[in-house]
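Asks: Each chain, written out:
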Amino acid sequence: MANFYTDNAGLKFQLSHPLMKKIVTLKENNFADKDKYDYAPHDFEDTVDSYDKVLEIIGEICGDVLAPNAEGVDHDGPQVENNRVIYAPGTQRNLDAITQAGVYGLSLPREYGGLNFSMIPYVMAAEVVSRADTGFANIWGLQDCAETIHEFASKELKEEFLPRINKGATCSMDLTEPDAGSDLQAVMLKATYNEKDGWWYLNGVKRFITNGDAEIKLVLARSEEGTSDGRGLSYFVCENPKDASMKVRRIEDKLGIKGSPTCELVFTNVKAKLVGDRKLGLIKYVMSLMNGARLGVGAQSVGVSEAAYREALAYAKDRRQFGKAIIEFPAVYELISVIKAKLDASRALLYETTRFVDVYKAYAIVAEERALDKEEKEDAKKYQRLADGFTPLTKLFGSEYANQNAYDCIQVHGGSGFMKDYTCERLFRDARILTIYEGTSQLQTVAAIRHVTTGTYLAQIRHYQDEKILPELAGLRTNLIALTDLYEKTVNKVVETKNNEYIDFQARRMVEMAGHIIMCYLLLMDSTRDSQFTKSAEVYLNYAKAEIIRHSSFIESFDIESIGVYKQV
Amino acid sequence: MGLQIVVLAKQVPDTRNVGKDAMKADGTVNRAALPAIFNPEDLNALEQALRLKDKHEGSTVTILTMGPGRAAEIIRESLYRGADNGFLLTDRAFAGSDTLATSYAISCAIKNFPKVDLIICGRQAIDGDTAQVGPQVAQKLGLPQITYAEEILDLKKDVITVKRRLEKGVEVVEGKLPMVVTVNGSAPDCRPRNAKMVMKFKHAKTVSEKQEGNQDYTELFDTHPYLNITEWSVNDIKSDADWLGLKGSPTKVKTIESVVFQTKESKKLTADDFDIESLMRELIANHTIG
Numbered sequence: 001m002a003n004f005y006t007d008n009a010g011l012k013f014q015l016s017h018p019l020m021k022k023i024v025t026l027k028e029n030n031f032a033d034k035d036k037y038d039y040a041p042h043d044f045e046d047t048v049d050s051y052d053k054v055l056e057i058i059g060e061i062c063g064d065v066l067a068p069n070a071e072g073v074d075h076d077g078p079q080v081e082n083n084r085v086i087y088a089p090g091t092q093r094n095l096d097a098i099t100q101a102g103v104y105g106l107s108l109p110r111e112y113g114g115l116n117f118s119m120i121p122y123v124m125a126a127e128v129v130s131r132a133d134t135g136f137a138n139i140w141g142l143q144d145c146a147e148t149i150h151e152f153a154s155k156e157l158k159e160e161f162l163p164r165i166n167k168g169a170t171c172s173m174d175l176t177e178p179d180a181g182s183d184l185q186a187v188m189l190k191a192t193y194n195e196k197d198g199w200w201y202l203n204g205v206k207r208f209i210t211n212g213d214a215e216i217k218l219v220l221a222r223s224e225e226g227t228s229d230g231r232g233l234s235y236f237v238c239e240n241p242k243d244a245s246m247k248v249r250r251i252e253d254k255l256g257i258k259g260s261p262t263c264e265l266v267f268t269n270v271k272a273k274l275v276g277d278r279k280l281g282l283i284k285y286v287m288s289l290m291n292g293a294r295l296g297v298g299a300q301s302v303g304v305s306e307a308a309y310r311e312a313l314a315y316a317k318d319r320r321q322f323g324k325a326i327i328e329f330p331a332v333y334e335l336i337s338v339i340k341a342k343l344d345a346s347r348a349l350l351y352e353t354t355r356f357v358d359v360y361k362a363y364a365i366v367a368e369e370r371a372l373d374k375e376e377k378e379d380a381k382k383y384q385r386l387a388d389g390f391t392p393l394t395k396l397f398g399s400e401y402a403n404q405n406a407y408d409c410i411q412v413h414g415g416s417g418f419m420k421d422y423t424c425e426r427l428f429r430d431a432r433i434l435t436i437y438e439g440t441s442q443l444q445t446v447a448a449i450r451h452v453t454t455g456t457y458l459a460q461i462r463h464y465q466d467e468k469i470l471p472e473l474a475g476l477r478t479n480l481i482a483l484t485d486l487y488e489k490t491v492n493k494v495v496e497t498k499n500n501e502y503i504d505f506q507a508r509r510m511v512e513m514a515g516h517i518i519m520c521y522l523l524l525m526d527s528t529r530d531s532q533f534t535k536s537a538e539v540y541l542n543y544a545k546a547e548i549i550r551h552s553s554f555i556e557s558f559d560i561e562s563i564g565v566y567k568q569v
Numbered sequence: 570m571g572l573q574i575v576v577l578a579k580q581v582p583d584t585r586n587v588g589k590d591a592m593k594a595d596g597t598v599n600r601a602a603l604p605a606i607f608n609p610e611d612l613n614a615l616e617q618a619l620r621l622k623d624k625h626e627g628s629t630v631t632i633l634t635m636g637p638g639r640a641a642e643i644i645r646e647s648l649y650r651g652a653d654n655g656f657l658l659t660d661r662a663f664a665g666s667d668t669l670a671t672s673y674a675i676s677c678a679i680k681n682f683p684k685v686d687l688i689i690c691g692r693q694a695i696d697g698d699t700a701q702v703g704p705q706v707a708q709k710l711g712l713p714q715i716t717y718a719e720e721i722l723d724l725k726k727d728v729i730t731v732k733r734r735l736e737k738g739v740e741v742v743e744g745k746l747p748m749v750v751t752v753n754g755s756a757p758d759c760r761p762r763n764a765k766m767v768m769k770f771k772h773a774k775t776v777s778e779k780q781e782g783n784q785d786y787t788e789l790f791d792t793h794p795y796l797n798i799t800e801w802s803v804n805d806i807k808s809d810a811d812w813l814g815l816k817g818s819p820t821k822v823k824t825i826e827s828v829v830f831q832t833k834e835s836k837k838l839t840a841d842d843f844d845i846e847s848l849m850r851e852l853i854a855n856h857t858i859g
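Protein chains in written order, with the numbering used here: chain X, 1 to 569; chain S, 570 to 859.
If you're looking for bench data, these hints aren't it; they were derived computationally from the structure. Possibly wrong hints are sitting among the right ones.
[Said to hold, decoys possible] Mimicking BS3-like on lysine-lysine, the simulated pairs with C-alpha atoms at most 27 Å apart in a straight line are:
#, chain 1, residue 1, chain 2, residue 2
1, X, K53, S, K622
2, X, K167, S, K624
3, X, K273, X, K242
4, X, K167, S, K622
5, X, K22, S, K769
6, X, K493, X, K567
7, X, K273, X, K254
8, S, K769, X, K53
9, S, K769, X, K158
10, S, K589, S, K624
11, X, K34, S, K769
12, S, K779, X, K36
13, X, K324, X, K284
14, S, K622, X, K36
15, S, K771, X, K36
16, S, K779, X, K53
Kindly generate the complete structure, drawing on both the sequences and the hints.
Replies: Set out below in structure tokens:
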């Protein structure tokens, strides 16, 4: 009887954040649904209580169903039979439990059968699911597709597809092709309109498609003949025909997340419907869902870090060498406290980002019903900018820390950790994809660097600097102010060169400096509200300070002319 | 065909993780020291009832539980999983009931329902482990019973087909409704709580709970009748006071012993013929084998 939500005080804490009131009030539109739906909340407290109770259900399923199934799923993996994907038996049991609990389609509005949850509990659920089974978190996370349909498709399409989500219809997002990975402008799968029957027909190949044999599919395809870039691409939704017109040619044999089927698909005249407008497929719709997907990987990453921390801690307390538990040795307890600090830091960043996303998305929904006033418009804009800036940081740090934590977790286990008997080796394999998919760490840097050069991060850091904190934490803040000055000075030095290649060369270092300072502040503010984070705030600051000084020293002493040394022919 | 199904459920102290203060000095269970949970096999029973409801349109699943006021939690837990309504049988007059008095009170309460096709309950509760209440209820209502059910395989008209789990195998039997079925712990686990149901029924309360002082959402009880959990006292059932509570309970606890298993002296045997033969003799002599 395990519960991955109630056993984690760091999670419920997120529901008590001061910004929740604003988020819930916007999202629930002054609780207008309460007379229409018997499960709609009556006020703010009732809403947060519902979040808490539903997360408790998810936590229980994760502890009692998903986690015990995870090893078997990793071992069995999905199979392809007659061009169709057969899930591992454990995966199917997971899906059945999730469907029975009615927790698929968490954030969809009630009129489409959803629970109308804000992003905070949705992301918390994703984190908990990932802690139980990182591969299954992908299948779970593809309910994001419903968000895209809801945001951009016509009312008819919404009514056709959305009510099925809460009943358990699985989804996939078919974007990449053999020659179109990070560069989606190169997508070739062809969409042809048939005027006679009013359908679009899809022909071509998709590759690396997560959960590719799902029931509801969103497909990026070239609708404009003769084009070769992103402006010729549109977005389509189709029902998986489950016949010879859509074949699963193979599934990939992967290093990790083995329970999540990664498919190569062949489309032969598959009937589809257009989502939104033609030509906006990539440049508007996919770009928009990409931020949601990155937040999802951020949540998945924190889930892996949580699992790694727990495995490492339990083993270090249990394992005895030289007459005592190994956790009593400085080399081991430092390792574990740094895992915990990185976990708490990346979680603080994840939920701060999620709150920003929540506010601006809720404004967008309000705007559908009535025009926003000037003040609201500015507020929405501010939160959207912050969300855009913080999302790549969340994905970058979350995924890198998940990998470092899984690595260190094996290290704590010593030789045993290298064996398949312990969970940590699976965590290590599952973590590896996190810095790669939905945009590599290098691409997150590309997305984040403009917020370094335009000052989004610095402005927000200065804003955090003015927040009220406990007097006993003031010493840590003094340190942070000095580090912020160092960051500002270092960034100015690079930006002043006005050399774009040089800025790109130093980008990762500058983005990381900003991220470290932001996470330190978030931990200070969290510690002010709850002492459970004080240790991590201190440990993380020590870690971050060394990293910031290292980056600054590299940049400070770097001669721009020596960039050529790094170019490999 | 819509079925009227009654599930009998009990709130029990969680005896699966017993600490040192689990028993009081007088040998009775210290209920305050143990968390109160839904009796596990009653959850298996609820699942069987809900599966029948899924298959037979128009069916209703009603939970009946006897216990103190806090046992209303069992009813809410059932509503969260798909039960339609629940009744809490609660009165000081029922206090101290053994299985005979309990099954009498429950059978009297069941007579309040206009029509009952099937009564399903767990085989036994983890606090007393008697497995007597289900069969006694059947007896008192004059109904046939199938015990140790693992799965209700089929139900056509009024004939039910049930797989029973026995000590060394399974048995498939048929029975005629109305009847009582007691469900074994090897039956499928109960489904998880459903998110929408939790949000719908989380404010459901009994009259006593409403009077406990928390005045939040009180206006909802008039506008949302399904939030009112019915409480039945001794006055709401037709019964003979001599058969209820302590008075109606012939069971008397004489003593309770705490049994501690101790490791006996160990014996070392080698694999030579002499040692093996003497072990064989010993095992045959004490009837472990042969």
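Asks: Indicate, hint by hint, whether the structure satisfies it.
Replies: These are the hints, each one checked on the structure:
1. X:K53 x S:K622: With Cα atoms ~25 Å apart, X:K53 and S:K622 stay inside 27 Å; holds.
2. X:K167 x S:K624: With a Cα-Cα distance of about 17 Å, the restraint between X:K167 and S:K624 holds, given a limit of 27 Å.
3. X:K273 x X:K242: Holds: X:K273 and X:K242 sit about 17 Å apart, inside 27 Å.
4. X:K167 x S:K622: holds, 18 Å
5. X:K22 x S:K769: holds, 24 Å
6. X:K493 x X:K567: holds, 22 Å
7. X:K273 x X:K254: violated, 32 Å
8. S:K769 x X:K53: holds, 12 Å
9. S:K769 x X:K158: At roughly 25 Å apart (the allowed maximum being 27 Å), X:K158 and S:K769 satisfy the hint.
10. S:K589 x S:K624: violated, 46 Å
11. X:K34 x S:K769: holds, 11 Å
12. S:K779 x X:K36: Cα-Cα ~25 Å, so holds.
13. X:K324 x X:K284: violated, 59 Å
14. S:K622 x X:K36: Between S:K622 and X:K36 the Cα gap is close to 26 Å, so the pair holds against 27 Å.
15. S:K771 x X:K36: Holds, at roughly 17 Å.
16. S:K779 x X:K53: holds, 21 Å
Hints 7, 10 and 13 from the list above are not met by this structure, while the remaining hints are.
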